[in-house]
Amino acid sequence: MSAQDPQNLRELGERLDEAQRKRAVRTTRPPPTQMGIAFRFATELVVALLVGGALGWGLDWAAGHFGVRTKPVFLIVFFVAGAAAGIRNVMRAANEINAEVAGSPPAPAVRDDEEN
Amino acid sequence: MAMQPMEQFQVKPLAVLEHPLFRIAGHDIYFTNQSLLMVIVALAASAFLTLAMGGRRLVPGRAQSMAEMSYEFVANMINSATGEDGLVFFPFVFTLFIFVLLCNFFGMIPGSFTVTSQIAVTFALAALVILTVIVTGFARHGIGFLMLFVPKAPWYLLILLVPIEVISFLTRPISLSVRLFANMLAGHTMLAVFGGFVVLLGSAGGVLSALSVAPMALIVAIMLLELLVAFLQAYVFAILTCIYLNEALHLHDHH
Chain A
1 MSAQDPQNLR
11 ELGERLDEAQ
21 RKRAVRTTRP
31 PPTQMGIAFR
41 FATELVVALL
51 VGGALGWGLD
61 WAAGHFGVRT
71 KPVFLIVFFV
81 AGAAAGIRNV
91 MRAANEINAE
101 VAGSPPAPAV
111 RDDEEN
Chain B
117 MAMQPMEQFQ
127 VKPLAVLEHP
137 LFRIAGHDIY
147 FTNQSLLMVI
157 VALAASAFLT
167 LAMGGRRLVP
177 GRAQSMAEMS
187 YEFVANMINS
197 ATGEDGLVFF
207 PFVFTLFIFV
217 LLCNFFGMIP
227 GSFTVTSQIA
237 VTFALAALVI
247 LTVIVTGFAR
257 HGIGFLMLFV
267 PKAPWYLLIL
277 LVPIEVISFL
287 TRPISLSVRL
297 FANMLAGHTM
307 LAVFGGFVVL
317 LGSAGGVLSA
327 LSVAPMALIV
337 AIMLLELLVA
347 FLQAYVFAIL
357 TCIYLNEALH
367 LHDHH
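Residue numbers (my numbering), protein chains in the order written: chain A, 1 to 116; chain B, 117 to 371.
I should point out that these hints are in silico values taken from the structure, not numbers from a laboratory. Fair warning: this is a prediction, and the values are worked out from it, not measured in the lab. We put the CB at the ideal spot given by N, CA and C, even for glycine. Hints should not be assumed to be uniformly reliable.
[Stated by the list, open to error] From chain A, some residues computed to sit far from chain B (all C-beta separations above 10 Å):
| # | residue |
| --- | --- |
| 1 | GLU11 |
| 2 | ARG21 |
| 3 | GLU44 |
| 4 | VAL51 |
| 5 | HIS65 |
| 6 | GLY67 |
| 7 | VAL68 |
| 8 | ARG69 |
| 9 | VAL73 |
| 10 | GLY86 |
| 11 | ARG88 |
| 12 | ASN89 |
| 13 | GLU96 |
[Said to hold, decoys possible] In silico contact screen, one side only, chain B against chain A (beta carbon under 8 Å); selected entries:
| # | residue |
| --- | --- |
| 14 | HIS143 |
| 15 | ILE145 |
| 16 | PRO279 |
| 17 | LEU286 |
| 18 | SER291 |
| 19 | VAL294 |
| 20 | ARG295 |
Go ahead and model the full structure; you've got the sequences and the hints to work with.
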């Protein structure tokens with residue numbers, strides 16, 4: 001009996017590991033749906049454009065307030081910058097989703113291949 | 117009534133509380149259907165978690181394991197996105213997650229009101245998140261937090277990249293709030309539109325009445341999809357909060 005115990009314990013340990021693995025899969029990340037991903041990318045792009053445009057418009061307005069007529073310049077520049085920021089956001093979101101799907105700890109992996 | 121799919125999003129004072137509660141700076145403050153739902157959600161969350169954990173049994177019952185699972189779910193999420201030191205924010209992220217989740221779920225009850233379909237509510241939540249990120253960042257790194265806007269690049273590219281990073285940062289509260297709000301708005305509008313079809317077809321008489329089964333079946337399917345969306349959007353809101361907090365905590369120092 002006592003000779004068998006380590007064997008039993010090992011089996012128990014294995015079963016516990018198995019159970020914990022299953023549980024970890026169940027309690028963590030839900031898979032992102034296609035629609036969710038599409039929606040996320042769309043909002044990232046559109047919102048960045050809007051924010052860029054609004055910033056440019058605001059700067060033009062502020063400049064006009066101080067008597068400098070820059071009227072469409074800032075709007076145009078920042079609209080383009082907004083488009084760039086939107087694409088950057090989408091790349092970032094794609095990296096996050098990739099990391100999420102891979103199921104590994106997302107943060108470091110994402111940043112590393114993103115900055116280089 | 118059936119043909120006004122946007123009517124469900126109207127914020128209006130409760131019928132029993134027609135008079136404003138009080139006045140602030142010339143504005144009447146009412147207790148609206150939205151306020152009521154938020155109070156219900158807050159009470160339901162507190163009551164559920166308190167009662168479920170009240171027994172504190174070693175082997176959890178059904179309610180207790182639900183409460184424990186939601187705890188573990190959020191704790192895992194924070195841990196994997198920010199690492200150990202992000203767990204300081206557990207109460208914050210957990211509260212956000214449960215609040216958004218329950219608001220979405222209570223909105224699924226026919227005839228109730230979806231708090232998260234109001235941009236004012238979602239933007240307030242998103243602004244809270246971003247303010248927390250900014251305060252944490254400056255508290256952790258001082259003025260060095262501004263290095264968040266300076267990616268690794270040659271200096272002549274930085275002239276271009278820094279404004280882009282700043283805009284990208286500014287979009288966060290907006291995309292965070294718009295995503296949740298638009299998902300809820302779209303889903304519930306779709307439900308109401310198909311509900312209108314059921315009523316129209318059903319009252320048309322003859323063969324058309326029999327056809328009203330089709331949109332009804334579709335509503336059931338959309339309802340299931342919306343339950344998934346309700347959970348998923350709460351999850352996305354919480355995980356993005358974690359990702360943003362991670363940046364404030366660690367800047368670029370994982371290189």
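Point to revise | Restraint check, 8 Å cut-off on beta carbons, for PRO279(B) near chain A | key: 5 Å, holds
The output says GLU96(A) does not contact chain B. Does that hold with a beta carbon cutoff of 10 Å? Violated, because the least Cβ-Cβ distance between GLU96(A) and chain B comes to about 6 Å, which does not exceed 10 Å.
Open item on the list: Minimum C-beta separation from ASN89(A) to chain B exceeding 10 Å: can you confirm that?
Closed with: 6 Å, violated
ILE145(B) was flagged as interface toward chain A. Is the shortest Cβ-Cβ separation under 8 Å? Given a least distance of 29 Å, the restraint on ILE145(B) is violated.
Take a quick look at GLU44(A) and tell me if its Cβ sits farther than 10 Å from every Cβ on chain B, holds or violated. 6 Å, violated
Let's test the interface hint: is any C-beta of chain A closer than 8 Å to that of LEU286(B)? Holds - the Cβ of LEU286(B) comes within 8 Å of chain A, reaching about 5 Å at its closest.
| field | Reported absence of ARG21(A) from the contact zone with chain B (all CB gaps over 10 Å) | value | Correct as stated: the minimum Cβ-Cβ distance to chain B is 13 Å, above 10 Å.
**GLY67(A) remote from chain B - nearest C-beta pair above 10 Å** = Answer for GLY67(A): holds, closest chain B Cβ roughly 24 Å.
When you look at the beta carbon of VAL73(A), is every beta carbon of chain B farther off than 10 Å?
Non-interface label on VAL73(A) holds, nearest chain B Cβ at 14 Å vs cutoff 10 Å.
Quiz prompt | Distal placement of VAL68(A) relative to chain B, Cβ over 10 Å | solution = Holds, since 19 Å exceeds 10 Å.
Query raised in the report: For the hint on VAL294(B), does the least C-beta distance to chain A fall short of 8 Å?
Result: This interface hint holds because 5 Å falls under the 8 Å limit.
Q) Minimum Cβ distance from ARG295(B) to chain A below 8 Å? A) OK, holds: ARG295(B) within 8 Å of chain A, min 5 Å.
When each numbered hint is compared with the structure, violations occur for hints 3, 4, 10, 11, 12, 13, 14, 15.
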